[in-house]
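*Asks:* So you can see what is in the structure, the chains are spelled out below.
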Amino acid sequence: MSQYQWDWLVIFENVTDTDEFYYQWLISGLGWTLLIALSAWVIALILGTIIGTARTLPNKFVAGIATAYVELFRNIPLIVQLFMWFFVLPEMVPTNIGNWMKQDMPHPGIITSIIGLGLFTAARVAEQIRTGILALPRGQKNAGLALGLTLAQTYRHVLLPMAFRVVIPPLTSEFMSIFKNSAVAYSITATELFFQMKQITGDYKPANQIEVVTIVGLIYILVAFSANRIMTFIERRVQVPGYISGGK
Amino acid sequence: MSIIRFVNVNKWFKQLHVLKNVSLEIAQGEVVVVCGPSGSGKSTLIRTVNQLEPISDGEIWVIDQNVADHRTDINALRADVGFVFQHFNLYPHLSVLDNITLAPIKVRKQSREAAEQKAVQLLERVGLAHKKDAFPSQLSGGQQQRVAIARGLAMEPKIMLFDEPTSALDPEMIGEVLQVMKDLALSGITMMVVTHEMGFAREVAHRVVFLDHGEVLEQATPAEFFSAPKTDRAKQFLKQILSPMH
Ligand SMILES: Nc1ncnc2c1ncn2[C@@H]1O[C@H](COP(=O)(O)OP(=O)(O)O)[C@@H](O)[C@H]1O
Ligand SMILES: [Mg+2]
Numbered sequence: 186m187s188q189y190q191w192d193w194l195v196i197f198e199n200v201t202d203t204d205e206f207y208y209q210w211l212i213s214g215l216g217w218t219l220l221i222a223l224s225a226w227v228i229a230l231i232l233g234t235i236i237g238t239a240r241t242l243p244n245k246f247v248a249g250i251a252t253a254y255v256e257l258f259r260n261i262p263l264i265v266q267l268f269m270w271f272f273v274l275p276e277m278v279p280t281n282i283g284n285w286m287k288q289d290m291p292h293p294g295i296i297t298s299i300i301g302l303g304l305f306t307a308a309r310v311a312e313q314i315r316t317g318i319l320a321l322p323r324g325q326k327n328a329g330l331a332l333g334l335t336l337a338q339t340y341r342h343v344l345l346p347m348a349f350r351v352v353i354p355p356l357t358s359e360f361m362s363i364f365k366n367s368a369v370a371y372s373i374t375a376t377e378l379f380f381q382m383k384q385i386t387g388d389y390k391p392a393n394q395i396e397v398v399t400i401v402g403l404i405y406i407l408v409a410f411s412a413n414r415i416m417t418f419i420e421r422r423v424q425v426p427g428y429i430s431g432g433k
Numbered sequence: 087m088s089i090i091r092f093v094n095v096n097k098w099f100k101q102l103h104v105l106k107n108v109s110l111e112i113a114q115g116e117v118v119v120v121c122g123p124s125g126s127g128k129s130t131l132i133r134t135v136n137q138l139e140p141i142s143d144g145e146i147w148v149i150d151q152n153v154a155d156h157r158t159d160i161n162a163l164r165a166d167v168g169f170v171f172q173h174f175n176l177y178p179h180l181s182v183l184d185n186i187t188l189a190p191i192k193v194r195k196q197s198r199e200a201a202e203q204k205a206v207q208l209l210e211r212v213g214l215a216h217k218k219d220a221f222p223s224q225l226s227g228g229q230q231q232r233v234a235i236a237r238g239l240a241m242e243p244k245i246m247l248f249d250e251p252t253s254a255l256d257p258e259m260i261g262e263v264l265q266v267m268k269d270l271a272l273s274g275i276t277m278m279v280v281t282h283e284m285g286f287a288r289e290v291a292h293r294v295v296f297l298d299h300g301e302v303l304e305q306a307t308p309a310e311f312f313s314a315p316k317t318d319r320a321k322q323f324l325k326q327i328l329s330p331m332h
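Taken in sequence, the protein lines are chains A and B.
Take the first sequence: its position 201, counted from the start at 1, is 386 in the working numbering, and no numbers get skipped.
Take the second sequence: its position 192, counted from the start at 1, is 278 in the working numbering, and no numbers get skipped.
Do not take every clue at face value.
What the hints assert, rightly or not - Straight-line distance between alpha carbons at most 25 angstroms, and here's what the computed PhoX-like set of lysine-lysine pairs gives:
id, chain 1, residue 1, chain 2, residue 2
1, A, Lys245, B, Lys100
2, B, Lys218, B, Lys204
3, A, Lys326, B, Lys100
4, A, Lys326, B, Lys218
5, A, Lys326, B, Lys195
Rather than coming from a laboratory, the hints here were simulated on the basis of the structure.
If we strip away everything but chain A, and leave its shape as in the complex, we get (with noise of 0.2 angstroms):
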């Protein structure tokens, strides 16, 4: 170790043999990882709270279904279930189809990990959206029926905005997650941040690791940290005047 080079500058050297810059390389390694991350997000909520809602039916079956899904999208490792969707899946689906999500289908790893971490990450929402509403006092439910709300528009109007708020903590905790999660998306070719820090620290610059991985590490801490800055900053907007969490 005596001998290591140190250079902290070695991502803005040019990629050897062309007029690109390892830096660059990161900014857009990053873009698709906030790409990934995000859209896979939007999935997650709105599914999750779907799916976290079904489960706190009257409806045994509704509810059922919605566990199942849970269950099976919880405890399957996720680098498994991207492999699934990428490797497995084309060849399961008829010829012309399974062809056209190998092929033609634009950036396929990328919309792969999208979806993948999406519906993975909605099941752990599922479950704190269904904890927050089952933390809601027993009476709130029955306020809006009994003003002749329908069951929808009491989850709507009544049980929802106040299990989001409920959730909010536990929700800021899964949105760094996924960023974090996201790394995985390298396994099935998606060119984001650490698919390009292997390739950087691989191929190209194996001399100097240690700063590479460095830099990215930092860059995901940023993250992260951006990420729980922005839900506390939800957090404050959508709190309840006078109203201390948890109590009645």
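Following the hints, position chain B with the ligands against chain A.
*Replies:* Positioned in the frame of chain A, the structure of chain B with the ligands alone reads:
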């Protein structure tokens, strides 16, 4: 013409027989107080009227519709029946005004302006117009319960149901809520009130119904019931409720 009619109503929670063959009629414009020991089934009974609690057996006719019939549009019926809960159950994330206007806008399809105008009138009626922009957690219990009453009235119901509306309140706030309820009783609306406030019963109730172990044991005018209860159970109950130790 009765506006609420229980016909041989039975209700079980699993093995527990909570309402036993209840038959009861409440006429339009009548104010009926339901009392009885804790656990006797008062909450269950009043909640069956708008099907917050489904019944196991029998019929309940409310405004000429059988609520136990699955073909009855229960949401439409509930819109015509106000319910005031022991624990107020205001929507914590909505202002007082929005608490009151939510159902008129979403269920009655009123315009926001019309609903808000009506809400302010109702808030004046319960003495809380100055609190319209406050949130429930910023109000005292008595104020929250008065808002809850205004919220129910905003739907212009034909019937108002109250389940122990003052029993979660500090003693000094009970009076303000009872006053609103007394005013309401004099307005001619049909009221079914579960309460142990015997002063309220004496003053405005037309009839007292005594429930014990899920059975209607007595029905009488307040004067009759308080001065000459017929059953031992009722005598015992009144002794407890009216004793200074209570
Ligand atoms: N959801 C429920 N599940 C099971 N038992 C219940 C439920 N609600 C009430 N009970 C029981 O039914 C009986 C009557 O309860 P309730 O109607 O609340 O009485 P009251 O309002 O007169 O105190 C009690 O024994 C109570 O424990
Ligand atoms: Mg009760």
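*Asks:* Is the Cα-Cα distance between B/Lys218 and B/Lys204 25 angstroms or less?
*Replies:* 12 angstroms, holds
*Asks:* Are the Cα positions of A/Lys245 and B/Lys100 separated by 25 angstroms at most?
*Replies:* Distance of about 18 angstroms is within 25 angstroms: holds.
*Asks:* Taken at face value, is the distance from the CA of B/Lys195 to the CA of A/Lys326 at most 25 angstroms?
*Replies:* Given that 25 angstroms is the threshold and the Cα spacing comes to 21 angstroms, the pair holds.
*Asks:* Between the alpha carbons of A/Lys326 and B/Lys100, is the straight-line distance 25 angstroms or under?
*Replies:* 22 angstroms, holds
*Asks:* Has the given pair, A/Lys326 with B/Lys218, been kept, meaning a C-alpha gap of at most 25 angstroms?
*Replies:* 23 angstroms, holds
Of the numbered hints listed earlier, not one is contradicted by the structure.
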